Amino acid sequence: MLAELKHTLLRKRGQMIGWAIGIAAYGVLMVSMFDSIVGIAGFAEMMESYPEDIAAFFGGLSQITTPKGYLDVYYFNYMTVIIGIFTVSLGAGLLVNDEEKGVLDLVMSYPVSRTALFWGRVLGFLAVTALVLLVGWLSWVLPAQGTEMDLTWIEFLRPFAPLFAQVVLFGTLALLLSLVLPSARMAGMLAGGLLVGNYLLIGLSNLNEDLKAFIEYTPLYYYQGGKAIDGLNWGWLGGQLAVALVFSLLAWWRFQQRDIRVGGEGGWNLPALSRLVRRSARQA
Amino acid sequence: MMTGDKAIVARGLAKSYGKVRALRGVDLEVARGELFGFLGPNGAGKTTTIRCLLDLIRPDAGEIRVLGLDPQADPVAVRERIGYLPGELNMEQSLKVEGQLRYFTDLRGNKIDWGYVRELARRLDLDLAMPIKNLSKGNKQKVGVVQALMHRPELLLLDEPTAGLDPLMQQEVYRMLREAQADGATVFFSSHIISEVGTLANRVAIIRAGVIVEEAQPSQLVSMAIRRIWIRFLKPVNPAPLGEVEGATVLSQSNGLRVHLQVEGELDGLIKALAAYPVGDIEIERPSLEEIFLAYYEGDRTEEEN
Chain A
0 MLAELKHTLL RKRGQMIGWA IGIAAYGVLM VSMFDSIVGI AGFAEMMESY
50 PEDIAAFFGG LSQITTPKGY LDVYYFNYMT VIIGIFTVSL GAGLLVNDEE
100 KGVLDLVMSY PVSRTALFWG RVLGFLAVTA LVLLVGWLSW VLPAQGTEMD
150 LTWIEFLRPF APLFAQVVLF GTLALLLSLV LPSARMAGML AGGLLVGNYL
200 LIGLSNLNED LKAFIEYTPL YYYQGGKAID GLNWGWLGGQ LAVALVFSLL
250 AWWRFQQRDI RVGGEGGWNL PALSRLVRRS ARQA
Chain B
0 MMTGDKAIVA RGLAKSYGKV RALRGVDLEV ARGELFGFLG PNGAGKTTTI
50 RCLLDLIRPD AGEIRVLGLD PQADPVAVRE RIGYLPGELN MEQSLKVEGQ
100 LRYFTDLRGN KIDWGYVREL ARRLDLDLAM PIKNLSKGNK QKVGVVQALM
150 HRPELLLLDE PTAGLDPLMQ QEVYRMLREA QADGATVFFS SHIISEVGTL
200 ANRVAIIRAG VIVEEAQPSQ LVSMAIRRIW IRFLKPVNPA PLGEVEGATV
250 LSQSNGLRVH LQVEGELDGL IKALAAYPVG DIEIERPSLE EIFLAYYEGD
300 RTEEEN
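Chains as they are written, first to last, in numbering that gives the first Met the number 0: chain A, 0 to 283; chain B, 0 to 305.
Bound-form chain A, shown alone (with noise of 0.2 Å):
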């Protein structure tokens, strides 16, 4: 297991580094900008004043002066669906991608077990999803040091749990689906289609009531995001892991029963289109 991890972590080294300089940019400029922004007279009255709709969307804007605010509507709002995008297509090639390029036919045939290598993966996925969050709450919370924004450290962590959470749940979604589905793409667009429905479902339900109860049934309703800095809602983190795991054990259980592909095998043996209008135009 230690050398599937040990070599997810180093496979995984550019992906990583990418997307943690992305995020640690975005976080840098996002507090630099902060005291500008808060300081612009009239600025929360402008905030006020937009469309009610456009407000509703994002879940308010009245407090985004507020460093609570301020980092709820321009960080952890969005973020699930970024950093999602990431840990999304993290999740669906950890096994499938490998598997689609014939690389884990000669892996498997070493002498680790299915369980072992799935495993090591997975922590490979927590570990790298981990340190690209661990360089977001960096970039906020080092420079944040000589801005205005007066919260602690431990403030500044909080609301990257359920993030963690969150877009964690997606990845392994992503995972499972790519055992399920035929191929990695397949399983990356479908979880990724779903966090980016979930969202849009999240921010339309704020001007439609009728909407309301059907997002009660989507993992996006329970993400705190920036009012996480107030205080953790255990529950609801509990609750996202939980399925989580959920969705690794049912994706480990399928990758214990399935065959290792090279090529070739599997997929749902669907008719292609082309195949179907040559047939119907031979018919007529």
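Note that these hints are calculated values from the structure, not bench results. In this text, all values refer to a predicted model and were calculated from it rather than measured experimentally. Beta carbons: idealized from backbone N, C-alpha and C, even for Gly. A hint or two may mislead.
Anything over 12 Å on all C-beta distances counts as not near chain B; from chain A, calculated [unchecked claim]: (1) I36; (2) T64; (3) K67; (4) D97; (5) Y109; (6) L133; (7) V134; (8) Q144; (9) V179; (10) V195; (11) A241; (12) A280.
With a Cα cut of at most 25 Å, we get these calculated SDA-like pairs of lysine to any residue [claimed, not checked]: (13) K132(B) with K226(A); (14) K136(B) with V102(A); (15) K139(B) with G101(A); (16) K132(B) with G13(A); (17) K95(B) with L1(A); (18) K100(A) with G183(B); (19) K136(B) with A162(B); (20) K100(A) with G137(B); (21) K67(A) with L4(A); (22) K234(B) with G279(B); (23) K132(B) with G17(A); (24) K67(A) with L189(A); (25) K136(B) with G108(B); (26) K5(A) with K132(B); (27) K136(B) with K67(A); (28) K5(A) with G137(B); (29) K100(A) with K5(B); (30) K67(A) with L236(A); (31) K226(A) with R281(A); (32) K95(B) with G202(A); (33) K5(A) with I16(A); (34) K100(A) with K234(B); (35) K110(B) with G183(B); (36) K5(B) with G279(B); (37) K18(B) with L4(A); (38) K100(A) with S135(B); (39) K132(B) with T151(A); (40) K18(B) with R12(A).
Given the coordinates of chain A, assemble chain B onto it according to the supplied hints.
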């Protein structure tokens, strides 16, 4: 299942991919210490059989024992004692050869003698500092051979081991496999190159459409095959009775002085029939393993057409 001194035992192995029946009841026994060739055309089931032995895929039916163990029940114990070279060799493109082999060493619990790894690489003229992505097919194959042999396994499962190698390197790999056998290892290799199997193997199995159709020594296969015989007679004869000998067919004749025959199986009947003729010369064309193989393959096509 009693396995005794067998390195590989498979009974009634069946595997389908959707509607495609890749294996239709493979029965196979390979003794410990054997150099066993597994021969068949593309798509005959060679790779599927090997991948079942490693528990990379699970058979729909049948039983397998590898070195006395059930690969599904104890895959790690089986793989510890096996060296595997896949037919489609793919490796991590971002690593160098040494990095790839170090990763494989990690997966084997760091129990690899790197002096031996360097020795294998030297013999195959393989540069350990090269990035995998820059390697030619032949050089990638060399990495595959090194990783299969580097832990001195008890059993080598090699899917087309010399694919992409130049003739000199093919000979070096043959030497390595013979050395491994001399050290007590069992070598099970698949190939569709019949001359390779004929050169290397002590015993051969031919797989066709997911079924083992023949299992013998390479020389026995030759004796079972079709031969072409040219006979020159001292005076004109009627060759028709020769065509009535079991397994023999007269292909052509020239004024009763020169006859071209095809004989399937043993030559005993024909030799005895020729005792009554004034024979000047006999020329027997030894069948190549290619012809033997094609004979099985053609037989299958005829069955399918009927």
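Hint check:
With a cut of 12 Å on Cβ distances, I36(A) stays outside the contact zone with chain B, its closest approach being about 42 Å. Consistency note on T64(A): stated as away from chain B, and its beta-carbon is indeed over 12 Å from all of that chain's, at 46 Å minimum. Listed as a non-interface residue, K67(A) keeps its Cβ farther than 12 Å from every Cβ of chain B; the least gap is roughly 42 Å. Chain B draws D97(A) into its interface by the beta-carbon criterion, the shortest separation being 8 Å against a cut-off of 12 Å.
Taking the minimum C-beta to C-beta distance to chain B, about 4 Å, the non-interface status of Y109(A) is violated against the 12 Å cut. Once the 12 Å rule is applied to beta carbons, L133(A) is consistent with being away from chain B; the minimum gap is 24 Å. At the 12 Å boundary, the C-beta of V134(A) stays outside the reach of chain B, the nearest C-beta of that chain being 22 Å off. In this structure Q144(A) is separated from chain B by more than 12 Å, as the shortest Cβ-Cβ distance comes to about 38 Å.
Every Cβ of chain B is farther than 12 Å from the Cβ of V179(A); the closest lies at roughly 16 Å, confirming the non-interface assignment. Every C-beta of chain B lies more than 12 Å from that of V195(A), the closest at about 30 Å, which supports listing it as non-interface. Against chain B, the non-interface label of A241(A) holds: every CB pair exceeds 12 Å, the least being about 30 Å. Distance to chain B confirms A280(A) as a non-interface residue, since its nearest Cβ pair spans about 24 Å, more than 12 Å.
For the suggested pair K132(B) and K226(A), the alpha carbons sit about 48 Å apart, so the restraint of at most 25 Å is broken. Proposed proximity of K136(B) and V102(A) is supported: the alpha carbons are some 15 Å apart, at most 25 Å. Only pairs whose Cα atoms come within 25 Å are accepted, and K139(B) paired with G101(A) is accepted, the gap being roughly 14 Å. In summary, the hint linking K132(B) to G13(A) is supported, as the alpha carbons are separated by about 17 Å, within the 25 Å threshold.
Between K95(B) and L1(A) the CA atoms are separated by roughly 21 Å; this keeps the pair inside 25 Å, and the hint holds. Under the criterion of a C-alpha separation no larger than 25 Å, the hint pairing K100(A) with G183(B) is inconsistent with the structure, at around 34 Å. Taken as a hint, the K136(B) and A162(B) pair is honoured in the structure, with Cα atoms around 8 Å apart against an allowance of 25 Å. A threshold of 25 Å between alpha carbons decides the hint, and for K100(A) with G137(B) the separation of about 18 Å falls inside it, so the pair holds.
For the hint linking K67(A) to L4(A), the alpha-carbon distance of about 36 Å lies beyond 25 Å, and the restraint is violated. Of the pairs offered as hints, the one joining K234(B) and G279(B) holds, with about 9 Å between alpha carbons and a cut-off of 25 Å not exceeded. A C-alpha spacing of about 22 Å is found between K132(B) and G17(A), which places the hinted pair at or below 25 Å, so the restraint holds. At roughly 32 Å between alpha-carbon atoms, K67(A) and L189(A) are farther apart than 25 Å, so this suggested pair is violated.
Distance check on the hinted pair: K136(B) and G108(B) sit about 28 Å apart at the alpha-carbon level, beyond 25 Å; violated. Distance hint between K5(A) and K132(B) is fulfilled; the C-alpha atoms sit about 21 Å from each other, no more than 25 Å. With a C-alpha separation of about 57 Å, the suggested pairing of K136(B) with K67(A) is violated against the 25 Å cut-off. At roughly 29 Å between alpha-carbon atoms, K5(A) and G137(B) are farther apart than 25 Å, so this suggested pair is violated.
Under the criterion of a C-alpha separation no larger than 25 Å, the hint pairing K100(A) with K5(B) is inconsistent with the structure, at around 34 Å. A hinted pair counts as satisfied when its Cα atoms are at most 25 Å apart, and K67(A) with L236(A) qualifies at roughly 19 Å. For the hint pairing K226(A) with R281(A), the CA-to-CA distance comes to about 62 Å; that exceeds 25 Å, so the pair is violated. Between the alpha carbons of K95(B) and G202(A) the distance comes to roughly 48 Å, so the proposed pair goes past 25 Å and is violated.
Among the hinted pairs, K5(A) with I16(A) is consistent with the structure: their alpha-carbon atoms are about 16 Å apart, no more than 25 Å. Distance hint between K100(A) and K234(B) is unfulfilled; the C-alpha atoms sit about 68 Å from each other, more than 25 Å. Distance restraint check for K110(B) and G183(B): the Cα-Cα separation of roughly 19 Å lies within the 25 Å cut-off, and the hinted pair is therefore satisfied. Between the alpha carbons of K5(B) and G279(B) the distance comes to roughly 50 Å, so the proposed pair goes past 25 Å and is violated.
Taking the CA atoms of K18(B) and L4(A), the gap is near 38 Å; set against the 25 Å cutoff, the hint is violated. For a cut-off of 25 Å, the pair hint linking K100(A) to S135(B) stands: about 17 Å separates their Cα positions. With a C-alpha separation of about 48 Å, the suggested pair K132(B) and T151(A) falls outside the 25 Å cut-off, and the hint is violated. Using a Cα cut-off of 25 Å, the hinted pair K18(B) and R12(A) is violated, with the two alpha carbons roughly 42 Å apart.
Violated hints, in rising order: 4, 5, 13, 18, 21, 24, 25, 27, 28, 29, 31, 32, 34, 36, 37, 39, 40; the structure is consistent with all others.
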